[in-house]
Each structure stands twice: as C-alpha cells, then as structure tokens.
Amino acid sequence: MWIINQIVEFFSFQDVNIRYVALGTVLLGASSALVGCFTFLRKKALVGDTIAHSILPGICLSFIIFEIKDPLMLLLGAMVSGWLSVYIVDYISDNSKIKPDTAIGLTLSVFFGVGVLLLTHIQHSGNAAQAGLDKFLFGKAASLVQNDVITFGVVSVLLIATIILFFKQFSLISFDVHFAKTIGLPVRTFEVILSTITVLAVAIGIQTVGVVLMAAMLITPAAAARFWTDKLKVMIVIAAIIGAVSGLFGAFISFTAPSMPTGPWIVVVLSFIAIGSMLIAPKNGAISKIRKQKKNQRKILEDNIIKLLYKLGEKENDFFKNRSITTLKSYREIPTNKFLKGLNILKKKNQVAMVNDLWVLTEEGKTAGMRIVKIHRLWELYLTTYLRIAPDHVHEDAETIEHIITPEMELKLEHLLNFPEKDPHNVNIPYKNEKNNNE
Amino acid sequence: MSDFWIILTGCLAAVSCGLLGCFLILRKMAMIGDAISHAVLPGIVMAFLFSGSLDSVPMLIGAATFGILTTYLIETFNKKGGLQKDASIGITFTWLFAIGVILISLYADDVHIDQDCVLFGEIAYVALEPLISFFPGIGAPNTVWVLGIVMLLIIAMIVVGYKGLYLTTFDPSFAASIGVSTVVWHYLLMSAVSVTTVVSFESVGAILVVALLIAPAATAYLITDQLPKMLVIAALVGVISSFGGYYLAVWLDASVAAAIATVLGIEFTLVFLFAPQNGVLLKRFKP
Amino acid sequence: MNIQVDKPVLEVHDLTVSYDKKPVLWDVDFTIPYGNLVGIIGPNGAGKSTLIKAIMNLVPKGSGYVKLYNDSLDNVRHKVSYVPQRESVDWDFPTSVLDVVLMGTYGKSSLLSRISKKDKEIAYESLKRVNMLDFANRQISQLSGGQQQRTFLARALAQEADIYLMDEPFAGVDAATERSIVNLLLEMRKEGKTIIVVHHDLQSAIDYFDWTLLLNTRLVASGPTEKVFTTELLQETYGGKLTLLSKIGDLMKEKQFPARENK
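In order, the protein sequence lines correspond to chains Y, Z and A.
Using this note's numbering, the letters of the first sequence correspond one by one to residues 1 to 439.
Using this note's numbering, the letters of the second sequence correspond one by one to residues 1001 to 1287.
Using this note's numbering, the letters of the third sequence correspond one by one to residues 2001 to 2263.
Isolated chain Y, as found in the complex (with noise of 0.2 Å):
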C-alpha cells in the first residue's frame, strides 16, 4: 500500500533530506512549545500572534538594506522588528487609554500591513533574489536545507539552554510577579529575556508552519499540557513531547504530497491533541467532569435506599424485615429501574439481601444506613448551631451533604457538636454500639 511504503520510506529517515527535515520540525515544535509555556502562563499568548506577524517588515528591509538572503541577516531583521513590536504593544497600552488587546491587534495588522508592502515592494522589482521570500508566510518544511537545519539546530539548543537557565526566575514571573519584584528580582530584566527569545523561537518557527499559524505553535501545545498537570516542569515537557510530535507529523506529511503546506498540519495535529485533552484529561477535562459527576449520582441513589431502609427499619423497629419495592417506593419517589438498580449495587456491596422478591437490610447495611442518617442529623445540627438556619430550613441542605461528608469530617463534627444526642427535630441521633440501637 502507497501509504504504508511512505511511512515506512519516511520513518526509516534513511534520506538525508528527510533527516534534516525531520530534525529541523521536531526541533522548532520542541522549543516554540517550551518559550509558548511561559507566554501562555502570564496570559500573554496573543503575543505569539504578534511577533509573528511583526516580524515580516524586519526581513524585507534587511533583505532590501543588505540585499542578500542570508539567513542570519534575515533572522536579525526579523528579531528587531518583532522585538519592536512587543515594546510597541506595551508602550500603547500603558501610555493611552488603549485597552493591550486593541493594541495587539493594532500593532500586527500594521507591521504585517507594512511587511507586505515591503515584500510586494520587493517581489514586483524582480530581483531575482528574493525568491522565496514569501515562503515566510505560509512555511514549507520541505524546502528546509542543511543550512537552515544546522541554524535551527543552533537557536533551538540556545533557547532551551536559556530555558533551563533561568527556569527559576521565569517560573515566578510567569507566576506571581508581584512576589518576584517584592524579593527584588530584577523583573524587567527577565521580561526582556523572556521576550527575546520567544522572538527568536518565532522568527525561526515560521519558516515551517508560515506566519498566521505561528501562534497556534507556541500556544497550543502549552494548552493542551495544562490540562494534564499542575507542575510547571512537568507542563514544558508534555508540551514540548506534544510540539515535537506535531512538528514530526508535518514533515511527514510534507513528505508524502510536496505541493500542501506544512503548517496547517502541525497546527491541526496540535488542535486536536488540545481539544482531546480538554475533553479526557484525568483531572480538568471535561470527561472527567462528567464521570464525577455520574459517580456522585451512583453514591446519592445507593445512600438514599439503604437510608430508606434503615428509617423504616427505625420507625417500624425491625430492621430485617423483608420489604417489597412497592412498599419502598411508597415511601420515596424514585423510577422502579433506578431503584431496582441500587438494590443491586447494595447488594453486591453485601447490604441488601434479596428473599423471593422482596429486600431485607443485611448487618452491614444497617451500619451503612446508620452512618448516614447519623451524619445527616448531624448536618442539621450543625446548620442550626453553626450558621443559625432555622429548623425548618436544614433538611433539604442535609441531603445533599450526607453524602460528601468524611469519616474524618464525621468525627469532626461529632467533636464540634459535641456528640449531641438530638438533632434539630429533637430525633435521635444514632450512634454505633449504643445500647438502644442493639437489637
């Protein structure tokens, strides 16, 4: 099969070219997505956007200045220009009443605006030189060349060395920057670096991916790691593993049909690693949320029943007797399905019996559906005492709650409350190896 053969032609990366191109996308993935870490943190990742579309006019003019197509030459263009930009931005919005997100859009359309007027400038004098040029906008890791390689080879290692130099310093910026300039960190100084090399990641970035997706290489891969952790350090990894394989994939595709650009790929693979780990990601994603909350449903229905149990077993003083659904739901409104389904999981869980067709509280049961009236007039309790609700008004709070609480927050309670005997009802509160409750 056609594809098998180019994955396996790509992969076994036995073509020099192939190596380099590889090389180059997994590199510039790695360190965009590592300098994206810190603008995403300090909630600047439209800066990304900007500096790449600034930093077109610094290439035209050292092109049309020095009138070579020397990549270093380029390269210092471009960090001017996109450095420019960036004090621009903040020189607006600090010094009018211009609100930052104006400002960056004012600032890239303008320098963009002004980048292709140089480029079209450029391009319609037919120097033949210029070539080429305009691959700065849409990226084609293809044409990547061993000299390109070799300088993005360079940079990267430069910027993930900075990285790991300063990760500290970084860090508290990105973080708390209040409480950076209070121990007398020189912050400025660290905003300078920080943005210098984040112009450098995209001023080399865009050669693969083109000016308007730059952004998205330097957020996304950011995005997406947040969801699967808390830990900064373990955050720039995942993110530069995820723009590192992006990277990979574009080359690949680049690869197997030349004519598509690169970018858009990258950028795709990188959106939908970011949405899947907004959705399945263990502890933000969404999926996640959701299976909480169908687990919180599952205890709420189980607590009810053997609840139900129990306060009939209390009112009736025979707890084992045998009890038809129908008595039951007499009792509380629930679907005969749910119902039929909490009896179930209650018992698997050994706290319901079933003789015939009816259902008998087991030992453990009562002691289950002891804890939790317990705790529920405790709760109330608590209401009345500690947040002064009037008795009338605790029941319904107490449902819901009689099913988060702790043991530990149990026996808290009990301390606080002073193991009362009473609840607000003046009803007995239950406790375990009581002498009225041993029959």
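I should point out that these hints are in silico values taken from the structure, not numbers from a laboratory.
Please note that a few of the clues may not be correct.
Straight-line C-alpha distance at most 25 Å; calculated SDA-like pairs for lysine to any residue [stated by the list, open to error]:
#: 1; chain 1: Y; residue 1: Lys99; chain 2: A; residue 2: Gln2085
#: 2; chain 1: Y; residue 1: Lys349; chain 2: Y; residue 2: Thr362
#: 3; chain 1: A; residue 1: Lys2255; chain 2: Y; residue 2: Leu411
#: 4; chain 1: Z; residue 1: Lys1163; chain 2: A; residue 2: Tyr2238
#: 5; chain 1: Y; residue 1: Lys338; chain 2: Y; residue 2: Ile287
#: 6; chain 1: A; residue 1: Lys2067; chain 2: A; residue 2: Pro2258
#: 7; chain 1: Y; residue 1: Lys43; chain 2: Y; residue 2: Ile64
#: 8; chain 1: Y; residue 1: Lys43; chain 2: Y; residue 2: Leu61
#: 9; chain 1: Z; residue 1: Lys1028; chain 2: Y; residue 2: Ser195
#: 10; chain 1: Z; residue 1: Lys1028; chain 2: A; residue 2: Arg2086
#: 11; chain 1: A; residue 1: Lys2021; chain 2: A; residue 2: Arg2260
#: 12; chain 1: Y; residue 1: Lys181; chain 2: Y; residue 2: Thr196
#: 13; chain 1: Y; residue 1: Lys292; chain 2: A; residue 2: Lys2061
#: 14; chain 1: A; residue 1: Lys2247; chain 2: Y; residue 2: Ala390
#: 15; chain 1: A; residue 1: Lys2021; chain 2: A; residue 2: Lys2061
#: 16; chain 1: Y; residue 1: Lys97; chain 2: Y; residue 2: Tyr87
#: 17; chain 1: Y; residue 1: Lys294; chain 2: A; residue 2: Lys2253
#: 18; chain 1: Y; residue 1: Lys43; chain 2: Y; residue 2: Val80
#: 19; chain 1: Z; residue 1: Lys1079; chain 2: A; residue 2: Gly2064
#: 20; chain 1: Z; residue 1: Lys1085; chain 2: A; residue 2: Glu2254
#: 21; chain 1: A; residue 1: Lys2021; chain 2: A; residue 2: Pro2060
#: 22; chain 1: Z; residue 1: Lys1080; chain 2: Y; residue 2: Phe272
#: 23; chain 1: A; residue 1: Lys2007; chain 2: A; residue 2: Pro2258
#: 24; chain 1: A; residue 1: Lys2255; chain 2: Y; residue 2: Ile334
#: 25; chain 1: A; residue 1: Lys2241; chain 2: Y; residue 2: Leu413
#: 26; chain 1: Y; residue 1: Lys99; chain 2: Z; residue 2: Gly1279
#: 27; chain 1: A; residue 1: Lys2190; chain 2: A; residue 2: Lys2227
#: 28; chain 1: A; residue 1: Lys2067; chain 2: Z; residue 2: Val1180
#: 29; chain 1: Y; residue 1: Lys321; chain 2: Y; residue 2: Ala390
#: 30; chain 1: A; residue 1: Lys2108; chain 2: A; residue 2: Leu2185
#: 31; chain 1: Z; residue 1: Lys1080; chain 2: A; residue 2: Arg2086
#: 32; chain 1: A; residue 1: Lys2079; chain 2: Z; residue 2: Thr1182
#: 33; chain 1: Z; residue 1: Lys1163; chain 2: A; residue 2: Met2132
Note that the structure is a prediction, hence the values are computed from the model and not measured.
Using the hints, position chains Z and A against chain Y.
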C-alpha cells in the same frame, strides 16, 4: 477610471469595518475580530465547493456560519473547557484557518481562491471586473455593489440598534438587569463582523480587514470622547487611508491593501503622538 | 436572629450559589419589609455582591428561589433597579453623563425605539436630584469617583423603580458625596421606596440603615439594625470563615458535587 473603483472599494470596506471596529474595541474584543477574520476561511472554501462558484451569497452564508461557529467555540473552550480566554481565541482561529488552507490546497488549488489571495486580496482586480448595472447609466463592478449594500446594511444596523449596542457594550450587567439579552447582541455583532470580513476578503484580504477593523476605531478613540463622533471619525480615517494607500501603492509598485494598512499605521501614530487631549508628545510638553 | 416579615417586598429562600461548584452563598434565607433602607454587611469575599447578583438573576442559583413583590423577577423588572459596582464599567468609554443616565429609560420602551422627549425630561430630573445637572454633557472620563457614583444613581432614579439594589455605592467616594447620597436615599425611602445596599463600613452602617443583613457566606442575622448589631453577632460575621463549611465547599468542588441532589 479604474483608480476610482479601486479607491471606492477601499472606502466601502473601510467604512463598514471602521464602524463595527468601534464596538469591537470598546468591548475589548479586538482579537475576536481578528480571529473571525481568519476563521471564516473554511466557510468560504466550503461555500465555494458546495455552490461551485465564487458568488457572494453562498460565501456570505459560509462566512456567517463560521463566524458564529468561531464565536461559539471561543466561548465554549473558555467557559466549558476551562481554557483561558486568550488561548481559546488563539487555538480556535488557528485551527479553523489551518483547516481552510488545507481545504484550499486539496480542492481549490487551481482557482482564484488561493492562500495569497485570501491573505492579501488584490484590490486592483476590482478594476478588471466587468461593470454591472442595475440602474440605467450607473454601472459598477460586482464587488462594489456587494460592498456597498453591506455597508448600507451595517449603517442601518447601527442606527436602528444603537441603543442596544451602546447599552450592551458599556454596561452588560445593567443591560442584563433590565432584561436585555447580551448574548443576542454579541452574536449579532459577530455575525456582522463575519459578513463584512468575507465581502472584504476578495478585495482587501484578511490582513487588511483586521487593520481596518481595529486601526480606524483606535485612532478615533484617541481623538474624541463621544461615541457618535467616534463612529464618524473612524469611517473618515478609513476613507483617508484608502486614498493614501492607493497612491502609495502606485508609487512603490506594491500591494494596495498593504499600502492602506501602512497609511492606517501612519494615521494612528500621528494621532497617538499629537492628538489634542490624548497625544503622548503633547502631554509631555503641557505646562 | 432572623426576623421574618409578613408581607415582604423581597423574599430569598434557601439560596445557595456556587462559583465553579464551590458554594459562596450557603442556604441564605431572609425576608425584607417594604420601604426600608437596608444594609448588607460582611467581610470581603462574604458573597454580598453575589447575593445581589443572584437576586437579579445575573448568576445561576444552585438551590432556592427569590421572590420580588411575591412574583418572579421577570414579571416585575420595571419595578427593580440594579446599580452595579463602579468598577464594572470602563470609565474611559466615550460617552456623556446624560447618555448614561438616559440608559435608565431604556427599559420602558422597545430597545429599537428612539429616545423621546419624555425620556430626556426624566433624565434631567434625575440629574437634578443628584446635583449633576451641570455635568450633563461632561464626558464620563472626566468625572471624579463621587461624580461617577452619582451618575449611576441618577441612572437608577431614571428607571423610576420601587426597589433599588445597590452594590457598594459608597466605595471610593468622598465624605461629602457620601452624605449627600445618603440624604437622597433617605428621601427615596420617605417616598416609600425600598433600598438595599451592599456596604463595607460598619461604623456608618449603624447610622444609615433601618434593617441590616449580616452575611458571611451564610446569613448570620437579618433584622432591624439595633437588634442585629450585637457584639456576638458581629464577631460571628467578621470572625473568619467556618472551617468545616469551607472544607466541605472544597470537597464539593473537587468532586464536582451538585448543590442539590436533584440537579
């Protein structure tokens, strides 16, 4: 004569964008405008693929759809997904734009609708379009008709909906408290942005659209303290840039759209430095 | 101390409001009598703003309900005026004092209709009452804190409502302005209006309000000010958060637990 059509096209796009842009920047949604202008690309391509033509109507529908989708996704990623606002914007528009570019290279590579065109537009093509005439004696290129109609619709929307736009922009909490749906007005505005973006694409391209949405409004914001005046000034700033940009492009033999954006930048800088009340340089030298 | 009123203008019943699943208002339950100047007092983060927002349906409720004039908010909106915190608005906005006050008349007719002469008259009247008539055409960016607050008040007056809910109307306002605002509120009360104010200062609260709500995530007390301002109740209000309650709130957030079973 062709100069005239080109400049007119620029003016029409500028007025539409300038007016909407005022509300965008006042709502601190400049970047959402930027996002929408990029994210409508797949909508345009799909419209082209489904309708088989570059007609405006399917394009508008495709654009409006994706504009609304963009707005919705940004909100959802932010509120339901727990993603911070700036990242929600960034991820949404880059993803959609990427899809658009892929669609173009897969299915529409040979057509007039290509990446360069979408980004830069080529406003000069307007001069090459055949003149269409609805009224005897008045002929104009198709683009001009479309842009003109959209501009009139936008002006109508702003005039009729002024209270609602003003209210929901200035004080959304108060608006909600008197029972006004801020959500409806938000989507209304974003739909208008989507439509304007797309009709402007062909002539002025995505990047210029963003510049036209933000720069005139930002410039006007520094000049005046009154919203009605701000709207008028923004439109004026855009019109001036259309003239200035055209002649600059002719002089440098460069893209007209880019030249317009450059002139917008110059206008903004001048106002930023010298505006009577807010000019930075003037403030420094005040007694 | 939760004194209930027979025919309340505002009834809040077992209100729980959560932010990201963590409860910030817990089972708040009280009634407010007609024609009183009411203060909501409590420490920072007590949920005072949230309470007002919940009453105005600006934030979702985890449990409970709110009744105004024994009806739901949607049916009596024309009687209710909400004055948000000053910071909720960008004062760099290019608009004049008069235009802001005119907003108060928007609720009376369709949003698509033009501003009428009557609307303008009402706006001018309101400006006169707060002594801001001379500032009608002033741009709001040029206003001082006190003037901004008075503009908001004028807007509220222009709504011609019967019950006013104000979120920190005295924050960042000079003493003279505060005095004049209080006098205006007392005038309004004499006209039979009910005014509910989120307030941050204990000292002045005793002077200003007929009725006081003490709030710290839960309602500590509600009743006539003299009855409510006891050392014991104040200590409870300002004595920090209830630890166990806080822990349970955190647990609810972590487990994504609903505020009420059936939600």
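Going through the hints against the structure:
A distance of roughly 21 Å separates the Cα atoms of Y:Lys99 and A:Gln2085; the hinted pair therefore holds under the 25 Å criterion. Of the pairs offered as hints, the one joining Y:Lys349 and Y:Thr362 holds, with about 10 Å between alpha carbons and a cut-off of 25 Å not exceeded. Between A:Lys2255 and Y:Leu411, the direct Cα distance comes to roughly 20 Å. Compliance with the 25 Å bound is thereby established for this hinted pair. For the hint pairing Z:Lys1163 with A:Tyr2238, the CA-to-CA distance comes to about 43 Å; that exceeds 25 Å, so the pair is violated.
A distance of roughly 23 Å separates the Cα atoms of Y:Lys338 and Y:Ile287; the hinted pair therefore holds under the 25 Å criterion. With a C-alpha separation of about 23 Å, the suggested pair A:Lys2067 and A:Pro2258 falls inside the 25 Å cut-off, and the hint holds. Taking the CA atoms of Y:Lys43 and Y:Ile64, the gap is about 36 Å. The hint is violated against a cut of 25 Å. For the suggested pair Y:Lys43 and Y:Leu61, the alpha carbons sit about 31 Å apart, so the restraint of at most 25 Å is broken.
Our distance criterion of 25 Å between C-alpha atoms is met by Z:Lys1028 and Y:Ser195, whose separation comes to about 24 Å. Only pairs whose Cα atoms come within 25 Å are accepted, and Z:Lys1028 paired with A:Arg2086 is accepted, the gap being roughly 18 Å. For the hint linking A:Lys2021 to A:Arg2260, the alpha-carbon distance of about 11 Å falls within 25 Å, and the restraint holds. Taken as a hint, the Y:Lys181 and Y:Thr196 pair is honoured in the structure, with Cα atoms around 20 Å apart against an allowance of 25 Å.
Simply put, Y:Lys292 and A:Lys2061 have alpha-carbon atoms about 21 Å apart, close enough for the 25 Å limit, and the pair holds. The straight-line distance between the Cα atoms of A:Lys2247 and Y:Ala390 is roughly 22 Å, inside the 25 Å bound, and the hint therefore holds. Under the criterion of a C-alpha separation no larger than 25 Å, the hint pairing A:Lys2021 with A:Lys2061 is consistent with the structure, at around 11 Å. A C-alpha spacing of about 17 Å is found between Y:Lys97 and Y:Tyr87, which places the hinted pair at or below 25 Å, so the restraint holds.
The straight-line distance between the Cα atoms of Y:Lys294 and A:Lys2253 is roughly 15 Å, inside the 25 Å bound, and the hint therefore holds. Proximity of Y:Lys43 to Y:Val80 is assessed by CA-CA distance (about 23 Å); at most 25 Å being required, the pair is judged to hold. Straight-line distance between C-alpha atoms of Z:Lys1079 and A:Gly2064 comes to about 24 Å, which keeps the hinted pair within the 25 Å bound. Between Z:Lys1085 and A:Glu2254 the CA atoms are separated by roughly 23 Å; this keeps the pair inside 25 Å, and the hint holds.
For the hint pairing A:Lys2021 with A:Pro2060, the CA-to-CA distance comes to about 11 Å; that is within 25 Å, so the pair holds. Proposed proximity of Z:Lys1080 and Y:Phe272 is supported: the alpha carbons are some 17 Å apart, at most 25 Å. Annotation: proposed proximity of A:Lys2007 to A:Pro2258 is violated, straight-line Cα distance about 32 Å (limit 25 Å). For the hint pairing A:Lys2255 with Y:Ile334, the CA-to-CA distance comes to about 24 Å; that is within 25 Å, so the pair holds.
Pair hint A:Lys2241 plus Y:Leu413 holds up; C-alpha atoms about 16 Å apart against a cutoff of 25 Å. Our distance criterion of 25 Å between C-alpha atoms is met by Y:Lys99 and Z:Gly1279, whose separation comes to about 15 Å. Our distance criterion of 25 Å between C-alpha atoms is met by A:Lys2190 and A:Lys2227, whose separation comes to about 22 Å. Between A:Lys2067 and Z:Val1180 the alpha-carbon distance is near 20 Å, which keeps this suggested pair within the 25 Å criterion.
As the CA atoms of Y:Lys321 and Y:Ala390 are separated by approximately 35 Å, the hinted pair breaks the 25 Å bound. With a C-alpha separation of about 23 Å, the suggested pairing of A:Lys2108 with A:Leu2185 holds against the 25 Å cut-off. Restraint check for Z:Lys1080 and A:Arg2086: the C-alpha separation of about 28 Å exceeds 25 Å, so the hint is violated. This hinted pair checks out: A:Lys2079 and Z:Thr1182 have alpha carbons roughly 21 Å apart, not beyond 25 Å.
The hinted pair formed by Z:Lys1163 and A:Met2132 meets the criterion: a straight-line CA distance of about 23 Å does not exceed 25 Å.
Consistency note: the structure conflicts with the earlier hints numbered 4, 7, 8, 23, 29, 31.
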